[in-house]
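J.: The primary structure of each chain is shown beneath.
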Amino acid sequence: MNLAVGAREIVVERRPLPPLWVRAAAPTFSVFFGLVIGAVIIWAAGQDPVLAYTEMVKKGFLGRLPLIGTLVIATPLILTGLAALVAFRMKIWNIGAEGQLIMGAVASAGMGLWIGDGVGGPVGIVIMLAAGAAAGALWAALAALPRAYFNTDEVISTLMLNFVALNIMNYLIFSSISYWRDAERVTFPSGRGISEILFLPRLSGRLHIGLFIAVAAAAVLWWALRYTRWGFEVQVTGDSPRAARYAGMGVDRKILSVLMVSGALAGLAGGIEVGGVLHSLDPRALSLGVGFAGIVVAALARLSPFGVVPVAVFVASITNAGPGLQSIGVSSEVVLMLEGILFLCIVAGEWFLRNTIRVQPAAGSPAARPA
Amino acid sequence: MPLDRAGAAGAAAQIDRSDGRLGGEAARLTSITKSFYGQAANEDVDFDLRWGEIHALLGENGAGKSTLCSVLAGLYHPDSGEIRLDGEQVELRSPHHALEQGVGMVYQHFRLVERFTVAENLALGHPDTKVLASRKELERQVAELGRRYGLEAAPEAGVWQLSVGEQQRVEILKLLHRGVRILILDEPTAVLTPQEARSLFATMRALADEGRAIIFVSHKLDEVMEVSDRVSVLRDGRMVGSMEIAEADPARLARMMVGRDLAVPDRPRIEAGAPVLSITGLTAAGDRGIEAVRNVDIEVRASQIVGVAGVAGNGQRELAEAIAGLRRIEHGQIFLGGVDITRASPRQRIRLGLGFVPEDRMRTGMAGGLPLPANLALKAYRRPPLSRGPLLSKRAMDDRARRLEHRFDIRGVRWGLPTSLLSGGNIQRAILARELSAGPKVLVAAAPTRGLDVAAIQAIRRLLLEEREAGTAILMISEDLEEIMELSDEIVVLYEGRIMGRLEPGQASPEVLGMLMAGRTVDPA
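Chains as they are written, first to last, in the numbering used here: chain D, 1 to 371; chain V, 1001 to 1525.
Please note that the accuracy of each hint is not assured.
[Unchecked claim] Not everything, but these chain V residues come out facing chain D in the computed CB check (under 8 Å):
| no. | residue |
| --- | --- |
| 1 | 1345 |
| 2 | 1358 |
| 3 | 1363 |
| 4 | 1364 |
| 5 | 1369 |
| 6 | 1371 |
| 7 | 1374 |
| 8 | 1378 |
| 9 | 1381 |
| 10 | 1391 |
| 11 | 1392 |
The hints are simulated quantities; they were obtained by calculation from the structure and are not laboratory data. Every value quoted in this text rests on a predicted model; they were computed, and no experiment measured them. Cβ atoms here follow ideal geometry from the backbone N, Cα and C, with glycine treated the same way.
Sequences and hints are given; from them, build the entire structure.
T.: This is the structure:
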């Protein structure tokens, strides 16, 4: 890519990957750089950046309660991060994790309500979560089938299905007396609670076993991508669909299966939120953009399943520290800006790992390219 | 009135200027050299063009025709050499600058705005186009210009609605509208039906008769003989010669084009076995939907190499893809070892013993971003020891890769890094390693040595000959005549998707092959 500026031109070139330690250290440097820019903004907004950052670490990590809060927020983020990751590995751009998560929550809550006290303990929980995963997978299939067989654009279809899912959920709670809605509460519409025996077991305080499920999902996905024929086919198809076709791999079916796995992971996130935190279908808590945040998490983790876990925790810690920061006078807008700047710096750092920029005198003929 | 100057009246004015010098020198290129990445595409090329002539530029693929034209059209800046227009030395800084000097080129890939109408495309970028131009007036002028030169295209039609032939007419109209006096057409007939080509020739003649100079790039002898006044032949980036068309004959031009004397090398004579690959009446569509392979019959026996010769773009890629199952077959049948595979999936064909070396190595033949062991396993990964059930054995994949790396002498492998980092020759070795290690009954090899260095070419050819000795039936598609002559037991020539002729290597002289490749039928006598 060349950009002419007067008699000089700016040339962007790809470069070979730097050594491993540089790649490992880069995100740390990027975060530091982002914090410096963030400090200027916090200072410009009239607050003390040092105090703000201390508070951020304190409220995000230090102590039992901040840590638990962070991990609870991280749990669904890990899963939506994995959902984005598995699709992106095949260069299928599923940006519908938000909707798949919502449909998973709807199905899990529905299944939970239907089971009632009927099936106790682990079995009931497994059925409830499976319903969520299945619903997420089916919701993804709505976009995957036309993508696989008619080559429609999955970006548009998955994105649009988010709004459909959101409105279905809102309708069930706010605009109808549905199976999901608590009929007794009229002024503040909310969902009917599932039976206590279906609550996910707790580890400590609000922390529930959903975290283990999410980490286990990361491990299983890592293993499946690496050590199964399915994973091999996903890698080949992602790298070159033509090579996959040439090798006799069913590319259409692979697209379908990958998008459904992606949807199942997002749906599972919805189910875990219902079973572990909300205990009912709660539209306010389920439309905070966890599905979209998963895309950021997957990208920052460089599409590595194990990278998703720490990245999700990091992102969750900033969210978790938000209220604490506001209490010392840093407004929520500044917190959101800080989040955005940090992500941007990390992505930019990734880019600089792979490219260099050079300024040189402009070449004689700007269009000189070989045929 | 944006069209007036360069429109009908303007064109007439310019012709008046050149009329006095009809036959005079329009352009002269002297000692043009242009290299890309150290490879000379044009070397010390001299070329001259006269007003009022159609000058054909003939040559094989990669002979440097397009490069020379692009130099004259201002797209490439030559490394050295001199360009004179109308006797005056010029430096062409850009295509736009060349256009201002009256030189315009119709590229093989059109440069029209698909969403605009014909009239809008003509007005776009024209120096006289007003900010508020009258659409009606514009369209009227475009229609008039079209009628004058037999280049009819509805001015109000959107370009996306037009056929390829019509789009080409719009490209030419656009240049006439800009007032070009030197018109370069880069392989204009490659995308046309015979009828469209005929009407294009009539237009070219009309333009030349007005005093304009036309460069007509082609590799089809018949066309060149039919429409041009003079012809120049390029080979391997050098100018081989120019002559009046009256002095030229097809056999001589073919020899100039192909050049080198092609010797049949000695190689072990092997009795060919039973037919293994039989193709009958094969017809398949190209990417644009028109037939690219037409009614092709080919039979390949065990221990036999059948070479498919032809200029690129005459249906070779489509033929290979149809055999591999990567392209829909419209008519005809393909048998592999007696089994009808016409409707079989690529995977079934692989299982039945079909090996395929595609011409697109980096994206079809390899998943370039993955490491070598994965690429070497691309076809064998479904069976033990590489996999058991759904599980994959990384270690078996690595072991296998090390064995093949050693056996096929694949060099420069860095473990864990993308295969695309290997050199072209080693990538091709790796593809052959994968295809040959599967023990194929039939191997389809497309452009097996294109772009490789001499050592790699020798190694690949040796592998193919060894495979022939081992009893494999090989269909080799190549634009390289030396390769065709050196390796084939039988040669078929493809031209516009049809088989123009079948030869034994002994009968194949450069003239005969050159003429067949350029679409001339040759008497067997």
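J.: The structure should be examined with respect to each hint, and the outcome stated for every one.
T.: The hints, checked one at a time:
1. 1345: holds (7 Å)
2. 1358: With Cβ-Cβ at 6 Å, under 8 Å, it holds.
3. 1363: holds (5 Å)
4. 1364: holds (5 Å)
5. 1369: holds (4 Å)
6. 1371: violated (10 Å)
7. 1374: holds (7 Å)
8. 1378: holds (4 Å)
9. 1381: Hint holds; residue 1381 of chain V Cβ to chain D Cβ min 6 Å, cut 8 Å.
10. 1391: holds (6 Å)
11. 1392: Interface hint status for residue 1392 of chain V: holds (5 Å vs cutoff 8 Å).
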